[in-house]
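Protein chains in written order, with the working numbering: chain F, 4 to 163; chain A, 431 to 650.
These aren't lab readings, by the way, just hints derived from the structure by calculation.
Every value quoted in this text rests on a predicted model; they were computed, and no experiment measured them.
Cβ coordinates follow ideal geometry from the N, Cα and C atoms, glycine included.
Be aware that a few hints might be false.
[As the list claims (entries may be wrong)] Heads up, simulated DSS-like pairs for lysine-lysine below, C-alpha to C-alpha not over 25 Å straight-line:
1. Lys44/F x Lys616/A
2. Lys533/A x Lys616/A
3. Lys533/A x Lys41/F
4. Lys533/A x Lys548/A
5. Lys435/A x Lys149/F
6. Lys644/A x Lys548/A
7. Lys435/A x Lys533/A
[Claimed, not checked] Reference listing, derived: stretches of chain A covered by chain F, where coverage requires no fewer than 3 residues with Cβ under 8 Å from a Cβ of chain F:
8. 498-505
9. 562-572
[As the list claims (entries may be wrong)] If you anchor each label on the Cβ, the simulated ranges turn out as follows:
10. Thr629/A x Ser131/F: 24 to 30 Å
11. Pro24/F x Gly488/A: 38 to 44 Å
12. Ala35/F x Val489/A: 50 to 56 Å
13. Pro74/F x Gly518/A: 55 to 61 Å
14. Gly63/F x Thr629/A: 23 to 29 Å
15. Gln500/A x Glu47/F: 49 to 55 Å
16. Thr451/A x Ala35/F: 28 to 34 Å
17. Ala35/F x Gly588/A: 46 to 52 Å
18. Leu537/A x Ala56/F: 19 to 25 Å
19. Gly535/A x Arg48/F: 50 to 56 Å
So you can see what is in the structure, the chains are spelled out below.
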Amino acid sequence: MVQGSAEVVDEILRNLDRELPDIAAQIREEIARGRMVKGSKLPERVRQDRQGALTAQRLGRIGENELAEVPYTDDESLAILCDTLLTLARSLAANRRALLNLLVDHGIQSGHVTFAQPDETQTAEPTSLQVEGETGRAEVMFGRVKGLLGPAREEVGSWH
Amino acid sequence: MALTKGELIAAIEEAIGALRTVYTDAAREADLYEAALLTVATEAAEAAGGDCLITNDGVSAASSAVFRTQPGNLYVGNFTYVLASFFGGRQVEIHLGVYVAGKSGVLHECDVAVLDQKEAERSRVGSVHPRSSNLVAAVEAKHYSASPRLRVGREFIGLASEMGPSKCTLAFPAPGGSNIMPLLAKHPGECFDELIPGTPPADLMCGHITQKIKNWINRT
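Model the full structure from these sequences, guided by the hints.
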C-alpha cells in the first residue's frame, strides 16, 4: 500500500489535464467506471453491505452471476495511472519502430512518412515525420519513462 | 525502500515530461497507431505467402509514404497502400482509412482494410466504393492507453455486423477492462487488447489475419 495514493492520483491528474488532457480523460473514465465483477466475486465486506440493503427491503439475495461494479481502491487507481502512462510510452516507441521497419524492409529511401487529409478542400497542411529520428527519440523516452515509473509501479502492486 | 509521496509525484511528473517530448496530440498518435497496424497486416500477408509492394500507383515501389489523416475514398488521391501478390496470381491490397460499403449499403471507415485487389481496382476505375463482400479482413484501431469504454465495443459490434463479423478485428494498446472484454468475447469479431507492435498480441493478430488471407486464397 502506498501512503497518500489518493492525493498522488489527484495531483497527477491535475498535471495531466494540462499536459496530456486526452490521456487524463481516459484515466479518469477508467477510474470512475470501477471494476465489474460477478456477485460471487464481490469483496466480502462490500457484499455484506449490499446484501444488507437488499435484505432490509426484502429484495432477495445477490446472485452469483449478477453483475456489480466495485470502485477501485486508491492504490489500484494509482496503478491504473502508472500503467496507462507506461502503455502510452511503449506504444509511442513501438508504433514508430514498426513504421521504420516497414520503410527499411521495403526500401523506401526517404525515411519520411506524410500524413495528409484525403479531401482536397480541407485546409490542414500535411504533416511529415522523419521516422528514424522519431523512433530514436521515442525509444529513449520509453526507457526513461520505464525507469521512472518502474519503482512506483512495483510499490503499488497489481490491480488486475 | 518505500518512495515518499513527494518522490512518487516527482517521478511520475518527470515521466509525463518525458512523454511530452514525443507525444504531440491524440490525432497524430492515432494516425501512427493505424500505420503501425498496417505493418502488422503487411506481415500477415507475407506470412500467407505474399510478396508485398509498398506503392502509390500499384506498379512501382513508393519513394515515400503518404497516409490519410481522415477516412477517405479509396479512388481519390495517391495514397500509399500495400499490394500483396500470391502464388497463382491472386492479389490483395491493404489500405489505411478508406470507406467500404457495408451490407446495408451505408459507408463505413475501415482503419486498415485488406481488400481483394480486383475490388480495389474496380473502385479506382469506376469511382465507386469497395464493397464489404470483397473485404478479406479489417482492423478497427483505437489508440487507447487505458481500457476503452463500453461504447467502443458496441460500435465495433455494429461495424462488424455491417462488414461481416468474422472479417473484423478490434485492436487497442491498453489491457481490456472488465466491461468491454466480456461483451466482445460473445461476438465473432476478434478483439486484441494490449496490442502494441512487436508484442505477443501483435503476433496473434498477425496470425489471425494470415489465416483470413489464406482462407480467402483457398476459397477463390
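Structure-based check of all given hints:
no.	hint	verdict
1	Lys44/F x Lys616/A	21 Å, holds
2	Lys533/A x Lys616/A	21 Å, holds
3	Lys533/A x Lys41/F	36 Å, violated
4	Lys533/A x Lys548/A	19 Å, holds
5	Lys435/A x Lys149/F	19 Å, holds
6	Lys644/A x Lys548/A	17 Å, holds
7	Lys435/A x Lys533/A	55 Å, violated
8	498-505	holds (count 6)
9	562-572	violated (count 0)
10	Thr629/A x Ser131/F: 24 to 30 Å	28 Å, holds
11	Pro24/F x Gly488/A: 38 to 44 Å	41 Å, holds
12	Ala35/F x Val489/A: 50 to 56 Å	52 Å, holds
13	Pro74/F x Gly518/A: 55 to 61 Å	57 Å, holds
14	Gly63/F x Thr629/A: 23 to 29 Å	45 Å, violated
15	Gln500/A x Glu47/F: 49 to 55 Å	51 Å, holds
16	Thr451/A x Ala35/F: 28 to 34 Å	29 Å, holds
17	Ala35/F x Gly588/A: 46 to 52 Å	25 Å, violated
18	Leu537/A x Ala56/F: 19 to 25 Å	49 Å, violated
19	Gly535/A x Arg48/F: 50 to 56 Å	54 Å, holds
Checked against the numbered hints above, the structure violates hints 3, 7, 9, 14, 17 and 18; every other hint is satisfied.
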